[in-house]
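Make the full structure from the sequences, and use the hints.
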Amino acid sequence: MDELKPAVEIRNLVKDFKTSFRRQMLRAVDDVSIRIMPGEVYGLIGPNGSGKSTTMKALLGLVAPTSGHCAIFGKDSLRVDSRNDVGFLPENPYFYKHLSGAETLRFYGKLCGLKGRVLEERVTELLGLVDLQGARDRRLGGYSKGMLQRIGLAQALVQDPKLVILDEPTAGVDPVGSRQIRDLILKLRERGMTVFLCSHLLEQVQEVCDHVGIIFQGKMVREGRLEDLIAIEDQTEIILKDASPELVSSIHRLVENSAGASVVRVGKPRTTLERLFLRETLREDKP
Amino acid sequence: MSRAIHSLSSHLSRISVIALHAFTQLVRMKVFYFLVVFAIIMIASNFFDLPQHEGPESMGLNVLRSIKSWSLGTMTLFSVVLAIVATALLLPKDVEDRTLYTILAKPVPRLDYLAGKLLGVLMLVFVSLALMNLLMTAVLHIRTGMVMEDQMQMAKTLGWPPDAIAAMKAETLQQGPSWSLQGAVFAVFLRASIMASLALLISTFSSSTLFTTIVSFLIYFIGHFQADARDAYLQAGAAGEGVFARLISLLLSLVLPDFQLFNVIDAVIEGQALPLMMLGKLTLIGLFYAVFFTFASWFIFSEKEF
Chain P
305 MDELKPAVEI RNLVKDFKTS FRRQMLRAVD DVSIRIMPGE VYGLIGPNGS
355 GKSTTMKALL GLVAPTSGHC AIFGKDSLRV DSRNDVGFLP ENPYFYKHLS
405 GAETLRFYGK LCGLKGRVLE ERVTELLGLV DLQGARDRRL GGYSKGMLQR
455 IGLAQALVQD PKLVILDEPT AGVDPVGSRQ IRDLILKLRE RGMTVFLCSH
505 LLEQVQEVCD HVGIIFQGKM VREGRLEDLI AIEDQTEIIL KDASPELVSS
555 IHRLVENSAG ASVVRVGKPR TTLERLFLRE TLREDKP
Chain F
123 MSRAIHSLSS HLSRISVIAL HAFTQLVRMK VFYFLVVFAI IMIASNFFDL
173 PQHEGPESMG LNVLRSIKSW SLGTMTLFSV VLAIVATALL LPKDVEDRTL
223 YTILAKPVPR LDYLAGKLLG VLMLVFVSLA LMNLLMTAVL HIRTGMVMED
273 QMQMAKTLGW PPDAIAAMKA ETLQQGPSWS LQGAVFAVFL RASIMASLAL
323 LISTFSSSTL FTTIVSFLIY FIGHFQADAR DAYLQAGAAG EGVFARLISL
373 LLSLVLPDFQ LFNVIDAVIE GQALPLMMLG KLTLIGLFYA VFFTFASWFI
423 FSEKEF
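Residue numbers (my numbering), protein chains in the order written: chain P, 305 to 591; chain F, 123 to 428.
Do not rely on the hints blindly, as some may be mistaken.
With a Cα cut of at most 30 Å, we get these calculated DSSO-like pairs of lysine-lysine [to be verified]:
no. : chain 1 : residue 1 : chain 2 : residue 2
1   : F       : LYS152    : P       : LYS414
2   : F       : LYS152    : P       : LYS419
3   : P       : LYS523    : P       : LYS379
4   : P       : LYS466    : P       : LYS449
5   : P       : LYS449    : F       : LYS152
6   : F       : LYS215    : P       : LYS419
7   : F       : LYS215    : P       : LYS401
8   : P       : LYS309    : P       : LYS379
9   : P       : LYS449    : P       : LYS491
10  : F       : LYS426    : P       : LYS523
11  : P       : LYS401    : P       : LYS449
12  : F       : LYS215    : F       : LYS426
13  : F       : LYS152    : P       : LYS401
14  : P       : LYS401    : P       : LYS414
15  : F       : LYS215    : P       : LYS322
16  : P       : LYS449    : P       : LYS419
17  : F       : LYS426    : P       : LYS414
18  : F       : LYS426    : P       : LYS466
19  : P       : LYS523    : P       : LYS322
20  : P       : LYS379    : P       : LYS414
21  : P       : LYS414    : P       : LYS491
22  : F       : LYS426    : P       : LYS379
23  : P       : LYS449    : F       : LYS215
24  : F       : LYS426    : P       : LYS401
25  : P       : LYS491    : P       : LYS401
26  : P       : LYS419    : P       : LYS401
27  : P       : LYS414    : F       : LYS215
28  : P       : LYS545    : P       : LYS572
29  : P       : LYS449    : P       : LYS414
30  : P       : LYS379    : P       : LYS419
31  : F       : LYS426    : P       : LYS322
Rough simulated footprint, nothing fancy, chain F against chain P, three-plus residues with beta-carbon under 8 Å [stated by the list, open to error]:
no. : region
32  : 355–369
33  : 384–396
34  : 406–415
Note that these hints are calculated values from the structure, not bench results. For every residue, glycine included, the Cβ atom is placed at its ideal position computed from N, Cα and C.
Laid out in structure tokens, this is it:
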């Protein structure tokens, strides 16, 4: 039944906050509607203070909408049972420092009703998934930022939810850690999990998301399939490998002889700075 | 029916998970170090043997009273401080660290979260009091034995008749470890429980640990003379006759617990018995305030936005 229902349905969400100064109302989210179907990876992007986190909090029932409606798999977000199938990783979370990685997952697992052997197996599986088996019994106080984000992602997945909500999952993490989190999100997508994330790293959003929404000053300004949004409809890209200068000249001539078509740019494609960094640092890591 | 039982058991299970976690969190903050201070106070109280002007049959009883007085006083202080500070610390810390988001994003009702946190603090207070009580009872038991030995020797030397010796023995035993003393320790726990639930209520609308702590201590002190103030107000001429005045008085007693009721602890220090009825009454009062404050906290917390 759930397959037919949207994983996330936000309809005309409006959220006003009272400001302390003169009790004026501040509209953080203004008539935002988002619909995410099961299995989709949706990225919400926008500058700081544009209403991304408030939208996510409204979806999780952490703030009540001023007007509009939020539902998860058809259940009203303000109902506790709507959170049975959701995992959430907030921005810059500080988990309980006195707990070890395994204890943290056990705690969240028990809150979701897991116990006994099932819980222990799940804890081991998740620590493996986020590559933290080695830090299993180390207290979180000694974890790096990247490790904290990964244990945070593991706790979000503890009850094997159908929807994961990630608020800036790579904020403050170095490129290697950031890539690990990106790979984890891709793994979740392969498993058919629905992911709703917001991030400042547009390149990463582009790499993992199939749907994107751009929010600005509380309003949704653009939304749709990523491929549709970023494609330049009147241009075609051909990337050649080991092409001789003669072949390139022939292509140029062929284009010039075609009516209406023109060459916009010819050059060597560039790698990204992130890929260069990863390639160099991973090479240095090797003995 | 089975659905209701399942729902209740899942509530209880979540509350116990949060309570055990809060307890572990506080224990790992090394709060039990205060037990060393308690042990020092216990040892010191053994030396407060004030000069006495009673007969030889009262020899050493002052030390026993001193041990009880210092122990119960320290227990009261530590339990109230622990109850208020621990409760005032836990909630704002979860909000500040955003760990609260991760908990409330799971299927955890807000009442379960609050009840779990409160129970965690109460577990800590209970274990602390149990350890202090163990130490007090052990010291008191040993010291009572020593006092009785001295008294027996004295009685033999003076050639006291057996019935006088028995009376002296009974009087000394009254000052030693007794069920009334255990009841008094339980009353100390009840008072700390009321304060913890009150601090929980305050911390739901205050975002600062310091504010919660100060206001809680203020209410604690007011609670010790609110009954007198209420009586004085009601007896002050016409004010006492009006329905409005009585309503205010009722409201005041609802929000501010009357801690004078717990003065029975002083009587136990003096060697008097604590009636079971009185202990039952204190238990009911403690339960009433703990439940009332917890539900009031829930009322505020359920509407709170993060």
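Straight-line Cα separation of P/LYS449 and F/LYS215 no greater than 30 Å?
Roughly 19 Å separates the two Cα atoms, so the pair holds.
Holds or violated: the region 355–369 of chain P covered by chain F, criterion of 3 or more residues with Cβ-Cβ distance under 8 Å?
holds (count 6)
Are there three or more residues in the region 406–415 of chain P whose C-beta lies closer than 8 Å to some C-beta of chain F?
holds (count 4)
F/LYS215 paired with P/LYS401 [C-alpha distance capped at 30 Å]:
holds, 12 Å
Given pair status - P/LYS401, F/LYS426, alpha carbons within 30 Å:
Holds - the C-alpha atoms of P/LYS401 and F/LYS426 are around 25 Å apart, at most 30 Å.
For the pair supplied as a hint, P/LYS414 and P/LYS491, confirm whether the alpha-carbon distance does not exceed 30 Å.
holds, 25 Å
Holds or violated: P/LYS449 to F/LYS152, with C-alpha atoms at most 30 Å apart
OK: P/LYS449 and F/LYS152 at ~26 Å, within 30 Å.
Has the given pair, P/LYS419 with P/LYS401, been kept, meaning a C-alpha gap of at most 30 Å?
holds, 22 Å
CA of F/LYS152 to CA of P/LYS414, is that 30 Å or under?
Holds: F/LYS152 and P/LYS414 sit about 25 Å apart, inside 30 Å.
Given the hinted pair P/LYS414 and F/LYS215, is their Cα-Cα distance within 30 Å?
Answer holds: P/LYS414 to F/LYS215 is near 21 Å, not above 30 Å.
So if I understand the rule, the pair passes when the alpha-carbon distance is 30 Å or less; does P/LYS449 with P/LYS491 pass?
holds, 21 Å
What's the verdict on P/LYS379 and P/LYS419, does the C-alpha distance respect the 30 Å limit or exceed it?
holds, 26 Å
Violated hints: none; the structure is consistent with every hint.
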